[in-house]
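**Q** Okay, here's what each chain looks like letter by letter:
There are 2 protein chains.
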Amino acid sequence: MDHLHLCPKFEAAFELLGKRWTGLIIRVLLTGPKRFKELSEAIPHMSDRMLTERIKELEAAGILTRHVYPETPVRIEYELTEKGKSIEGIMNEVQKWAEKWVE
Amino acid sequence: MDHLHLCPKFEAAFELLGKRWTGLIIRVLLTGPKRFKELSEAIPHMSDRMLTERIKELEAAGILTRHVYPETPVRIEYELTEKGKSIEGIMNEVQKWAEKWVE
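Protein chains in written order, with our numbering: chain A, 157 to 259; chain B, 157 to 259.
The set of hints was computed from the structure by calculation and includes no laboratory data. A few of these clues could be false.
Which copy is meant is left open, because identical chains are indistinguishable; a pair holds if it fits in one copy or across any two.
[Said to hold, decoys possible] With a straight-line cut-off of 27 Å between C-alpha atoms, the simulated DSS-like cross-links for lysine-lysine are: (1) K256 <-> K193; (2) K256 <-> K212; (3) K165 <-> K193; (4) K175 <-> K241; (5) K190 <-> K256; (6) K165 <-> K175; (7) K193 <-> K212.
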């Protein structure tokens, strides 16, 4: 049983996407750019502190970008990058599996 | 922005599958039933204590089953259930995404 050749990349992807709330945050952003408040309201059980942390991680991982609109007050929106949007395939598979198998 | 209707199932699935090492363990088992030692050798960076913990979780979640063969010494094998095998679709999607996007 040789070591799985793709293990580091596969493992890294799973670890990044598997973190609590990450899947949901990405799903909400797949419906379009959102402000912090909109994200927070769409996932009520998640604390703002956690959302702030996940946004930082996803930004560092190149999955979302932050747009600052110099209005008064300043408007900040978060949007998925191409890398982020292409996670949709995984999301759909998880959704299908969850519908069939999760009680 | 209404709350995502499938959020509890989707969230539960993501949380279960996203735990460290779980994705890799399932991928190894997708190649067929394995003994503890075979699983442990296939994923060298994972401790036996962690493997034991993950096996318990996956068994409780109905994703794998444990077969005890009354030989001498006793042989124990772990095998994916139908529920476990159907995770392959998610795995393939994660693999595709990781190959394209993970540095």
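**Q** All the hints need checking, so say for each whether the structure fits it.
**A** Verification of the supplied hints:
1. In the homo-oligomer, the alpha carbons of K256 and K193 never lie at most 27 Å apart, since the shortest distance is 32 Å inside one protomer and 32 Å across protomers.
2. Taking CA atoms no more than 27 Å apart as the test, K256 paired with K212 passes between copies only; the shortest distance there is 22 Å, against 33 Å inside one copy.
3. Taking identical chains as interchangeable, the C-alpha atoms of K165 and K193 lie at most 27 Å apart only when they sit on different chains, with a minimum of 24 Å there against 33 Å within one chain.
4. Proximity of K175 to K241 under the C-alpha cut-off of 27 Å is found in both arrangements, the shortest distances being 18 Å within a copy and 22 Å between copies.
5. Taking the closest pair of Cα atoms, K190 and K256 come within 27 Å of each other only across two copies (26 Å); inside a single copy the shortest separation is 30 Å, beyond that limit.
6. Taking CA atoms no more than 27 Å apart as the test, K165 paired with K175 passes in both settings, with 16 Å inside one copy and 15 Å between copies.
7. With identical chains, the CA atoms of K193 and K212 are at most 27 Å apart within one copy only, with a shortest distance of 16 Å there and 39 Å across copies.
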